[in-house]
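Protein chains in written order, with the numbering used here: chain A, 1 to 376; chain H, 1001 to 1194; chain F, 2001 to 2172.
Any given hint might turn out to be false.
[Claimed, not checked] Okay, derived cross-link-like pairs now, DSS-like style, lysine-lysine, Cα gap no bigger than 27 Å in a straight line:
| # | chain 1 | residue 1 | chain 2 | residue 2 |
| --- | --- | --- | --- | --- |
| 1 | H | Lys1148 | H | Lys1126 |
| 2 | A | Lys222 | H | Lys1190 |
| 3 | F | Lys2085 | H | Lys1190 |
| 4 | A | Lys222 | H | Lys1096 |
| 5 | F | Lys2102 | F | Lys2092 |
| 6 | A | Lys193 | H | Lys1074 |
| 7 | H | Lys1074 | A | Lys297 |
| 8 | A | Lys329 | H | Lys1074 |
| 9 | H | Lys1190 | H | Lys1148 |
| 10 | F | Lys2131 | F | Lys2085 |
| 11 | A | Lys287 | A | Lys303 |
| 12 | A | Lys329 | H | Lys1190 |
| 13 | A | Lys303 | A | Lys97 |
| 14 | A | Lys35 | F | Lys2022 |
| 15 | F | Lys2131 | F | Lys2155 |
| 16 | A | Lys297 | A | Lys329 |
| 17 | H | Lys1190 | A | Lys217 |
| 18 | H | Lys1126 | A | Lys222 |
| 19 | H | Lys1074 | H | Lys1190 |
| 20 | A | Lys146 | F | Lys2092 |
| 21 | H | Lys1190 | A | Lys303 |
| 22 | A | Lys97 | H | Lys1096 |
| 23 | A | Lys35 | F | Lys2159 |
| 24 | F | Lys2163 | F | Lys2022 |
| 25 | H | Lys1148 | A | Lys222 |
| 26 | A | Lys35 | H | Lys1148 |
| 27 | H | Lys1074 | A | Lys303 |
Honestly, the hints are just simulated from the structure, not real lab data.
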Amino acid sequence: MIAKDAILSNGGANETFVLNLGPQHPATHGVLRVKMTMDGEYIVRAEPVCGYIHRMQEKMGENRTYAQFLPNTSRIDYLSAMTYTHGFVGAVERALKLQVPPRAEYIRVITSEMNRISSHLVWWGAFLLDLGGFTPLLYAFDDREKILDLLESITGSRLTYSYFRIGGVYNDVDDQFLKGTREFVAQMRPRLKMYRALVTDNIILRKRLIDIGPISKEMCRKYGATGPVIRGSGVTYDVRRVEPYSVYSEFDFVIPTCEETDSMARYAVRMEEMVQSLRIIEQALDKLPAGPVMAEKVPRVLKLPAGDYCYATEAARGRFAVRIVSDGKEIPYRVKLRTPSLSNLSLFEEASAGMLLPDALALMGSLDLVIPDIDR
Amino acid sequence: MTTPNEPQPKVDSAPSASPPAVPAPTAVVPPKPVAATAPRPAAPAQPPPPPAPPAPNPLAHLPLPFKGVDYAAKGYHADATVSPDQVIAAAEVLDKEGLSLDTITGVDWMAEGQMEVVYDYFHPAKALRVVVRTRIPRDNPEIASIHKVFPGANWHERETHDFFGIRFLGHPNLTPFLLPEDADFHPLRKDYAP
Amino acid sequence: METPESNAQLLSDCAPYVKFAKLDEMLALGRANSLWPLTFGLACCAIEMMAAGASRFDISRFGAEVFRPSPRQADLMIVAGTVNKKMAAAVKTLYDQMPEPKWVIAMGNCAISGGPFVFPGQYAVVEGVDKLFPVDVFIPGCPPRPEALIEGLLKLEEKLTGKRRWPTVKPE
Ligand code: SF4
Chain A
1 MIAKDAILSN
11 GGANETFVLN
21 LGPQHPATHG
31 VLRVKMTMDG
41 EYIVRAEPVC
51 GYIHRMQEKM
61 GENRTYAQFL
71 PNTSRIDYLS
81 AMTYTHGFVG
91 AVERALKLQV
101 PPRAEYIRVI
111 TSEMNRISSH
121 LVWWGAFLLD
131 LGGFTPLLYA
141 FDDREKILDL
151 LESITGSRLT
161 YSYFRIGGVY
171 NDVDDQFLKG
181 TREFVAQMRP
191 RLKMYRALVT
201 DNIILRKRLI
211 DIGPISKEMC
221 RKYGATGPVI
231 RGSGVTYDVR
241 RVEPYSVYSE
251 FDFVIPTCEE
261 TDSMARYAVR
271 MEEMVQSLRI
281 IEQALDKLPA
291 GPVMAEKVPR
301 VLKLPAGDYC
311 YATEAARGRF
321 AVRIVSDGKE
331 IPYRVKLRTP
341 SLSNLSLFEE
351 ASAGMLLPDA
361 LALMGSLDLV
371 IPDIDR
Chain H
1001 MTTPNEPQPK
1011 VDSAPSASPP
1021 AVPAPTAVVP
1031 PKPVAATAPR
1041 PAAPAQPPPP
1051 PAPPAPNPLA
1061 HLPLPFKGVD
1071 YAAKGYHADA
1081 TVSPDQVIAA
1091 AEVLDKEGLS
1101 LDTITGVDWM
1111 AEGQMEVVYD
1121 YFHPAKALRV
1131 VVRTRIPRDN
1141 PEIASIHKVF
1151 PGANWHERET
1161 HDFFGIRFLG
1171 HPNLTPFLLP
1181 EDADFHPLRK
1191 DYAP
Chain F
2001 METPESNAQL
2011 LSDCAPYVKF
2021 AKLDEMLALG
2031 RANSLWPLTF
2041 GLACCAIEMM
2051 AAGASRFDIS
2061 RFGAEVFRPS
2071 PRQADLMIVA
2081 GTVNKKMAAA
2091 VKTLYDQMPE
2101 PKWVIAMGNC
2111 AISGGPFVFP
2121 GQYAVVEGVD
2131 KLFPVDVFIP
2141 GCPPRPEALI
2151 EGLLKLEEKL
2161 TGKRRWPTVK
2171 PE
C-alpha cells in the first residue's frame, strides 16, 4: 500500500513496487516464483510462491504399494536420488526389522557419496552460472559425466536410479565399477584443487559472496534449515554423524563447518564436502566385504505392522526424513516426506530483507534449491 | 580464510556420535542371528522378548507426557500425545531445550472421525528426535498455530492446511501453498474424490 | 483492389503453379541449423537438457546452444519436465510470447502424457503438453538421455528441411 504523501512527494523513500521473479526465470533453477516488493534496487520483502511443480508425491504414496512407490523417491530431488531412496527403503526396513547385508550397506554408501558429489557439481556449475561465469559449468559437467558413467554401469540409469531396493540393492557391483571408482577418486582430487585455483580464489567470486546473505545459527534453528546451510552457519549438524544410519559410523570423515555464515561459507562447506565424500568412498572401497547384496526372505507382499516409522538421511541438501504411517495393509496409510529444500528456502524471506537484488540471487543460489524437492 | 575450519575429526565433534544415547537397551542381544551382521542392533523377529525394558526418556524433566521410544525400531527418541491446546506450550518448551522444528503434518483418521496433527522436532547438536502429536475432531479441524515460536512452521502449516483442510488459528497467511491459488479441495483427506 | 485477403487468396490460387522454393529452402535450412531454445527447465528432465548443453554432449555441434532466457528471443521450446495445473497458464503464456515461427519439443514422459504421475483421481498434473499447444517432436524417456534430445533436434531439423542431415546409426 503506497501512502498518499509518498506519491505526492514524487518518489519518497517508501515508494515501493512489486517485481515478479519467475516461475520461469533462469536464476530460480526451475519454477520457483518470488514476489518481491522492491524499494529501488533494495528488497523490502521477498515472498517465495511455491507449488508450480507440485506432483502429488505424498498422495501417490497412499495409493500404491511400498515397492511401487520406490521409483517416485528418486524423482523428488532428482539430483541426489540415492539418498532419497535410502530414506524410504530405510523406513520400510526399520518397520520390517530387515537385516540388510553388509555388502549392500557399503555399496549404498559408495553410491550415495558419488551421488552427493555429482549433485554438488551441478550446484557448483549452476551457481556460478547465476553469478555470471559460464565456464565452470563445463568443467563440472565433465566430471559429473564420469560419475554418471560409473553409476549407469550398475544402475542402468543416469539420474533416476531407484537402485536401492527394500532389503538391499538391485544388483552387485562388478570389478570394473570398483576399478573405475578408484580411478575416479584419484582423478577428482587434483580436479578439486584446480577448481580452487580456478574459481574459489577468484577475486570477483569472493567479492560477490563474502559477507553476502549471512544466516545466523539461531535463524537456521528456528526455520529448521539443515545441510550445508546450517553447517555454513557453524553448526556441526549432519545426520550421518548425529543419527548414524547405514554403516556411516564406521568411516573416518570430517563434517566441514564454517563460522562465517555468509554465502561464501556455504560455498566452502560444499567444496569441502566433496573432498570428504571422496574419503568416504575410498574407505568404503577398501573395506567392502564380500557376500550377498540382498537380504534373504524379503517378503513378496510387504505389509508393515501398524504404527509409524521414521527414517532420516543426509541428502545433498540436508536432512531428508520419511514418516510412514501404516495400518497393517499392503498400501501405506500415509507417507510424509520431509524435504530439506523447503525448510532451507523458508528462511529466505527473512534473510533477504534489505538486500540488493543481485545479492539476494547469490544468497538464493547458495541455498542450493531443487524446486520439485520443495513442492513434491 | 575460506577453508572451513575443521572441527576436530570424528569423535568429539558430535556428542554421542556412534551409539546414540537411546537404543542401548535394544542390545538385549538377539539369540538367533548369530554374529554375521553386527552393526544393526535390531531385535529378532521370532520370539518377541516379553520384558522389553522401556526405552529411557530423554525428556523426562519436561512437564509434558513424553515417553521414551526405541530409536532402532521407530526412528525417534521421544513421543508425546498432548491435548490440542498444549501444542504451543510444547513448542515453547522444546524451543527452550534448543530443538528445531523438523516438520508438521497431518494424518486423516477418517474411521475415528479425527485428524491427527504431528509435530516433528530434531536437535541440531545431538541425537534427539521428538514427536508431539495431538488429535482434533475431523469435522471441525482447528488448532493453534505455532509460527510465533518457530517461524519455520509457517510453510508447514500452510501445506497441512492445503492437504487436510486443518485451520491453524492465528496463522498470518493461510492461503494455498502447493495447490493453485483458488484451490478449495484438500486432496489428502481420505474421502477426497476429484 | 488489393486487400490482405485478396492477396492471400491470390497466393493460394497460384500456389500450385508458383513456388518460392529457393528462399523457402534457404530459410528452412537457416532455421533448422540455428534453433534457439528457451531456457526453460521444469524438473528432472531439465538436468538432462543441461547435460545436453554441457561438455560431453555439446548441443552446439548442432547449432542449438544459444539458450535464451526470454521467450521473445527463442524459437524452440523444450518442455523438459512435469507441467502441473498451477504452472499450465504460465507455460501457455510463454508459448504465446514466442515469435513465429516456433516449434515445441516435449521432452520426457511427463511432457508427453503426465508420465509417472498419472493415476485415477490425480489432481495436479496436466496429462501432456499437447493439451496446451501443438507439439512437433516427442522424446520418450524418464528422463530421456541427452543423445535422445539431440536425436529429437535432428528430427525437428528433418521436419523443417525435409531431409536428414546426419546418418542414422543402426543399433547392433
Ligand atoms: S519424465 Fe521422468 S525424469 Fe522427466 S520430469 Fe517426468 S518424472 Fe522427471
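Against the structure, the hints:
no.	hint	verdict
1	H:Lys1148 / H:Lys1126	holds (24 Å)
2	A:Lys222 / H:Lys1190	violated (32 Å)
3	F:Lys2085 / H:Lys1190	holds (22 Å)
4	A:Lys222 / H:Lys1096	holds (11 Å)
5	F:Lys2102 / F:Lys2092	holds (13 Å)
6	A:Lys193 / H:Lys1074	violated (42 Å)
7	H:Lys1074 / A:Lys297	holds (21 Å)
8	A:Lys329 / H:Lys1074	holds (18 Å)
9	H:Lys1190 / H:Lys1148	violated (30 Å)
10	F:Lys2131 / F:Lys2085	holds (12 Å)
11	A:Lys287 / A:Lys303	violated (34 Å)
12	A:Lys329 / H:Lys1190	holds (15 Å)
13	A:Lys303 / A:Lys97	holds (12 Å)
14	A:Lys35 / F:Lys2022	violated (49 Å)
15	F:Lys2131 / F:Lys2155	holds (21 Å)
16	A:Lys297 / A:Lys329	holds (19 Å)
17	H:Lys1190 / A:Lys217	violated (39 Å)
18	H:Lys1126 / A:Lys222	holds (16 Å)
19	H:Lys1074 / H:Lys1190	holds (25 Å)
20	A:Lys146 / F:Lys2092	violated (37 Å)
21	H:Lys1190 / A:Lys303	holds (20 Å)
22	A:Lys97 / H:Lys1096	violated (35 Å)
23	A:Lys35 / F:Lys2159	violated (40 Å)
24	F:Lys2163 / F:Lys2022	holds (15 Å)
25	H:Lys1148 / A:Lys222	holds (10 Å)
26	A:Lys35 / H:Lys1148	holds (23 Å)
27	H:Lys1074 / A:Lys303	holds (16 Å)
Violated hints, in rising order: 2, 6, 9, 11, 14, 17, 20, 22 and 23; the structure is consistent with all others.
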